[in-house]
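Peer 1: Put together the whole structure using the sequences plus the hints.
First to last, the sequence lines map onto chains A and B.
To convert, note that position 293 of the first sequence is 293 in the working numbering; the numbers rise steadily by one, no gaps.
To convert, note that position 186 of the second sequence is 186 in the working numbering; the numbers rise steadily by one, no gaps.
Worth double-checking, as some hints may not be accurate.
What the hints assert, rightly or not - Here are some, though not all, of the chain A residues that point toward chain B, as calculated from beta-carbon distances under 10 angstroms:
1. R330
2. S334
3. G336
4. A342
5. P349
6. A389
Unchecked claim - In silico negatives: residues of chain A with every beta carbon more than 12 angstroms from chain B:
7. A25
8. K117
9. G169
10. S209
11. V212
12. T286
13. L335
14. Y347
15. I407
Calculated from the structure, these hints are not laboratory results.
For glycine and all other residues, C-beta sits at the position ideal for the given N, C-alpha and C.
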Amino acid sequence: MTDASYQTAPLPGAPSDASGALLAADGTPLKQRLRQAMKVSRRRAFLLVAPLLVFILASFVVPIVALLLYQGAYNDTYEARMPASTALLQQWDGVSEPTEEMAAAMVADLAAARESKEIGKVASRVNQELSGTRSLMTKTARRAAKMEPPYLAALIDRDKDWADIETWGAMKLASTSLTPAFYANAIDMKYMPDGSFEDQEEQRQIYVSLFVRTLLVSGGVMIACIFLGFPVAYLIAHLPARKANLLIILVLLPFWTSLLVRTTAWIAMLQSQGVLNDMLVFLGVTSDDSRFSLIYNMTGTVVAMTHILLPFMILPIYSVMKAIPPSHVRAAKSLGATDWTAFWRVYFPATIPGIGAGGLLVFILAIGYYITPALVGGSDGQLISNAIAYHMQRSLNYSLAAALGGILLLGVLVLYWLYDRIVGIDNMKLG
Amino acid sequence: MAEAEGSNDFVVFDQVQKSYDGETLVVKNLNLAIGKGEFLTMLGPSGSGKTTCLMMLAGFETATHGEIRLDGNSINNIPPHKRGIGMVFQNYALFPHMTVGENLAFPLQVRKMSKAVTKEKVAKALDMVQMGEFGDRRPTQLSGGQQQRLALARALVFEPELVLMDEPLGALDKQLREHMQYEIKHIHEQLGVTVVYVTHDQSEALTMSDRIAVFDDGIIQQLAPPAVLYEKPDNAFVASFIGENNKLRGRINGVSDGVASVTIGEGANVQALAVNCGESGETMLSIRPERVILAADAPNRLDGKVMELIYLGDHIRCRMSVAGDDAFIVKVPNSSDHAALNVGETCPVGWVTEDCRALDAA
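Peer 2: What follows is the structure, encoded as structure tokens:
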């Protein structure tokens, strides 16, 4: 009898039923007994994590799915306030001439919306689809109550834009609550009234390049952090414990200062009348009237973000390096490797989990960075988060902000998946 | 054992000293010559300086004073990677991101050997440690014993003339450790390489070594083949560190013809071989438990009271009270005619004068 067959055979003396499954002492199948025994401990484990689970569901999963992703695709501002015209606009094919019936519904809706003082919101919503329609709507609504049939003529009489089929197209788009328009908008596309997609006009294409810029800046910051953080982590990992602790505190020190203070400090450092430029002028590197512009542009954003995110790179690399036995490098040297070969072929590969973890951390944090680019980025150092903030706070186009956020989330997930495929998430070590 | 006198200085430590802090010496004036092809073990308790010696030889520590020579050339200023010394580390130090084959190929690749030669040597090394099928595995997928063999193969694959081993069997369980001891011994005999082995396990040292250097307090206490070390310890430290040993304190009455007359306990007078005791004063008598004779006609006869009996199959371990010492151990062979012992009884105890060594009183 081989070892393997011995293992699978029932224990001698243990009772088993007709199918060969083992039975417990009281006659129930052993597997069922085991499940019952496990149930209690599983329930206890679940109860232990339940508060955290509820918190995460309430503060993270629900807002992201329900508010962020859903709001990017659903906006009922128009439908809720203009029900009569919505029904007709949805039946309309978007290319034929608008009918008198549609015009009548529109006039009734406008009058009602003005009555309930909601016309501003509706007008803003339509304006998102076609700029210039806001004043058209508010202007028409002021007279809507007094309009007499034929309504189409009355509308065109009020403003000749009502004769334009594009105006009605914008209404149709706005009246569609569940719409891909915002997501299309977020990638510089246009959702047309007939259901097709078109490229956004040249001068309005900003988001794709903003996404690309965000990815490039995040990648650049990540690479800068790797090159700056790796030697620091190496130094800390190879110092005696007391000195290493002091250095760790210095690395962590920025966490105890406000992000705003740190960013503002860079303004003092880098501005054209700032410390660095003064020094360069003093040293004669540049003349007084041709100072470097180091801030309020891309340079400022990258420098300040690298500085702020550096600890997130140093700490994972350090913790990984700390766990590499010194005997590995010694072994490599005893086997004939030079210092460089021992480092590159034995030490460095062992640090990759730390670099991967730090890189992913820095990259994902950088992708969502908002305050720093807003303060030191000027016009060409703005990132996608600044655009999202703009739509949240200024243009009040929440749906577009949600769509931009959704695409950002999707992008991060894709990169995360790629990372898992290439490096492997299991290879990541945060400490 | 070194075959010829001429080859007895392949590795030489010449008045080597080592201090880490400039205040205390970890290694004090070490002089040691190791022959070509020899298996030399540095044995000692932790902190005795043995590992430091090994690290100085490998090049990972620098000697504070003195010279280390390899094959006649001083290697004090040669970096580790140019010394060409194989080394097996305590935790094996296998590279976890490389496969078994890549680990073995590493020393050959850094020596810029051709792919064909590398492949051939790797295969040969794997066969040597009976791991031919494991070339594509990762070290973490191997058992402790397999990792140990791999570490050994890697230290040997580039055919160094000297291999250092720093407690390589420390992490293995007892049975595997004993098995690996024989395996290492056989590989050593097969390849004829010089091995310097560091351990704190005396049975390991006794099993494998040609010679053993017993370290304590930064000094070699005795350098001798295993049998000599066990049977003729030079001082009290070696006597108690190697094997089991009965210690009887006494006072020397006189020494004549290399035999000391010693008073122990309450006035009992015995004879012992004068080894390291001077002409008078305190001494420590050392007798191995298996050399004690329980018979009325034994020389150096004393009375012993049986305190405890432990049955161990092949022998009976008997703790007795002899000359005021309650921890006097006697190993009674379990032969058909062995003396009948009962706890509480008194029986005669003695030894042959040559088996009892009068050592320093430390």
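Peer 1: Hints first: check each against the structure and report whether it holds.
Peer 2: Verification of the hints:
no. : hint : verdict
1   : R330 : holds, 6 angstroms
2   : S334 : holds, 4 angstroms
3   : G336 : holds, 5 angstroms
4   : A342 : holds, 8 angstroms
5   : P349 : holds, 4 angstroms
6   : A389 : violated, 43 angstroms
7   : A25  : holds, 35 angstroms
8   : K117 : holds, 68 angstroms
9   : G169 : holds, 60 angstroms
10  : S209 : holds, 39 angstroms
11  : V212 : holds, 34 angstroms
12  : T286 : holds, 45 angstroms
13  : L335 : violated, 4 angstroms
14  : Y347 : violated, 10 angstroms
15  : I407 : holds, 36 angstroms
Figure legend: structure checked against the earlier numbered hints; hints not met, in rising order: 6, 13, 14.
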